[in-house]
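S.K.: Read off the chains here:
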Amino acid sequence: MVNRFLAYLCLLFPFFLTGCMNIDQRIIDDIQLSSAGGYEYTEDGMIEVTSVYPSFQPDKSVISKTITDTAKLSKEVRDKHSLQSEKPVVSGKVEVTLYEWKTAEKGIHDLLDTLQRDPSIGSNIYLVVVDGSPKELLSKQYGNTDTGIYLSNLIEQNIEAGQIHKTNLHQFLYKLYAEGMDPVLPIIKHEEDQVKLKAVGLFDDDKMVGQIEEEQFFIFKILLERKGQKGSYSLQVNEDKDISIYNISSERKYDIKKPMTNSEIIINVELKATISEYQDGSLNTGKITKLEKEIKESVEKESQEMIQQFQEKGIDPLGIGEEVRTRTRKWDQKKWKELYPDLKISVNVNVKLLESGVVE
Amino acid sequence: MEEKQKQISPFLVFFLVHAVQMGVGVLGFQRTIMKSAGNDAWMAVIAAGILINVIIMVMYLLLNKQQKDLIDIHKDLFGKWIGGFFSLIWIIYWLMIGLVVLRSYIEIVQVWVFPLINIIMFSIIILILVYSTVTGGFRIVTGISFLGVVIPFYIFLTFFFPIEYANFRNLLPIWNHSVQELSVATKDMMLGYLGFSTLLMYYPYIKNPKKSQKWAHLGNVLTLGIYLFILIITIAFFSEKQVGKQIWATLSMWKIVELPFIERIEYIGITSWILIILPNICLAVWAGSKGIQKIFNLNHKKVILFILIILLCSTAVIQGREDIEKINQYISLLGLVLVFIYIPLLTILAFLITKIRKGKASNG
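Line by line, the protein sequences are chains A and B.
Numbered by my numbering, the letters in the first sequence go through residues 1 to 360 in order.
Numbered by my numbering, the letters in the second sequence go through residues 1001 to 1364 in order.
Okay, chain A solo, but in the shape it has when bound:
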């Protein structure tokens, strides 16, 4: 009897002990969940951090509020933020972090440390570069939602629609640490009452060195992703007669005969698409074959130009170096860096127009 009593007591004991564990409780009503953060280096080398957090109004609408402060370290700023806030600011729900243009050009590696080190921040948050001041962009109200969620939706929607390549913190770090690849980040700009995905920023290591404009997004995407879906492309065929194709599924394969030498690298891209708009009368088989050829030539030309641009800058956002690295033993990064700018890299595109919509 006594033994059994003791056993029950033993079982109950842990429940009481949990109270003594000094566990830091975080109740959602008592904290300020920051949803986005903007980083900017000030002129004296300090970091200016702006955090956005949603404030839920009694009429169920959401207003986003911002706090800004400067300090040497970004977590130090968080403490300073708390000084301005009625509730403690926590970073577990951060969806997007923004970097000012000049900050990105200076290098963002040091600013990423806090994101990597903090276990409460996921690796699927988005990083973006802002053309303009992140503080200004974040302090505006966009629609009914909180600014952080709004920006994250903006990027996510465009990735899912196939407009831009996949991008998040993990992928940025992956490319940053990979020996034969350089990272890229989307660039957004605040225009009137809206935010626009404007370009893709090209990085050399952690410093932004160039951009790809909106018209080239598609080309960049098919060259970057091994297998892509969706996406659209338009082309002028005859004078002011355009064709637009969509639902493009792409497959990219590298053909590297002799890695780590001067021999040519061929990138094979296979595109399968549907015609979404055509302005030059009705379509027939002959015309479609002609169109396929024209699209092929145009995509090839644009790709070549883009790659040449990369080579001139000495950056490798497409990860051609990674493809070479995985094909060579005793990989030597330095030797590759010397080889890369003068390599002959050609693109071979194969286009198939499978459907032409519901009309001929």
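Bear in mind the hints are in silico, worked out from the structure with no lab data behind them.
Some clues are possibly wrong.
Stated by the list, open to error - With a straight-line cut-off of 27 Å between C-alpha atoms, the simulated DSSO-like cross-links for lysine-lysine are:
{"no.": "1", "chain 1": "A", "residue 1": "K106", "chain 2": "B", "residue 2": "K1241"}
{"no.": "2", "chain 1": "A", "residue 1": "K230", "chain 2": "A", "residue 2": "K272"}
{"no.": "3", "chain 1": "B", "residue 1": "K1241", "chain 2": "A", "residue 2": "K258"}
{"no.": "4", "chain 1": "A", "residue 1": "K75", "chain 2": "B", "residue 2": "K1241"}
{"no.": "5", "chain 1": "A", "residue 1": "K334", "chain 2": "B", "residue 2": "K1245"}
{"no.": "6", "chain 1": "B", "residue 1": "K1245", "chain 2": "A", "residue 2": "K335"}
{"no.": "7", "chain 1": "B", "residue 1": "K1241", "chain 2": "A", "residue 2": "K335"}
{"no.": "8", "chain 1": "A", "residue 1": "K335", "chain 2": "A", "residue 2": "K313"}
{"no.": "9", "chain 1": "A", "residue 1": "K253", "chain 2": "B", "residue 2": "K1241"}
{"no.": "10", "chain 1": "B", "residue 1": "K1245", "chain 2": "A", "residue 2": "K207"}
{"no.": "11", "chain 1": "B", "residue 1": "K1241", "chain 2": "A", "residue 2": "K313"}
{"no.": "12", "chain 1": "A", "residue 1": "K337", "chain 2": "B", "residue 2": "K1241"}
What the hints assert, rightly or not - Sample of chain B residues facing chain A (criterion: CB under 10 Å; computed from the structure):
{"no.": "13", "residue": "N1039"}
{"no.": "14", "residue": "F1114"}
{"no.": "15", "residue": "I1125"}
{"no.": "16", "residue": "I1128"}
{"no.": "17", "residue": "K1255"}
{"no.": "18", "residue": "V1257"}
{"no.": "19", "residue": "E1266"}
The C-beta atom is built at its ideal place from N, Cα and C for all residues, glycine as well.
Chain A is already provided as a structure; the job is to place chain B on it using the hints.
M.R.: Chain B only, in chain A's frame:
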């Protein structure tokens, strides 16, 4: 051999071997082995697993011949004092395994979930659980091992999420590292497999122990499979230098998972992990306490209590990453020596001594 009621079926050895091998190591073994073997580290995992299988075979050679546990073998071969001394080394080793697992787990909880958690309270709660399991006898420990393998198995399904971002080309080029680098990685990988030597203690508790050998091998192969699976996904998911930065690469992979009902799957993973480490600690404490009880002829329950108090104090004394890393290194060195040098030597010695004794008996 123990009484029939206290014995377990041979197939349960599968869970015992596997449960004690799976510990906190799975959460962060990648960095150490990839430091030397890079993208070829998966070969080290396989090589280490095969070597461990060989040692399990040697252990069965010894045990099948002797039909008793390590303490009695020592006593039989070396006498009471020297044999007792060797037994104590093994006991310390097993208890250290229990300690390392417990402390590393608490460290993970500290770093990932509750930074301010009261270590002593937390270990008290786990150790109460361990106490109630171990005092229940070996069959209860086996039961916990079985549950500790079966229940948390769903955790491994979550490792399919990172495949979305995986780049399997990273595995190429195969055989990019020298044999030397691979053997260093294999040595480092051993720590992940240690603990199976508790078999030396529970052998008399197995019904038809000879039949259990294949289950012990299979248990080890399952461990090998899980390590291999996680490592291949890690290699594909991270770039090589990136892995070097992650102390717990497995946990870092969970950071990418996004589910509609939970933002951070690590929290589920880490809390489920307690089911994986519990049999680990229980079996280590059971083996250690059983050994002490046999050597000194003490009350088993009191021995367990004594051991648990020591474990509790040690978890509180060890502080920070550096201490834990150091103890891990000591254990892995001690384990290597015991498993790869001591066991084969003991097997040969036991074989010779019994032969000589038999010869003497027949001559006399």
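S.K.: Could you work out which earlier hints the structure fails to respect and list their numbers in ascending sequence?
M.R.: Those not satisfied: there are none.
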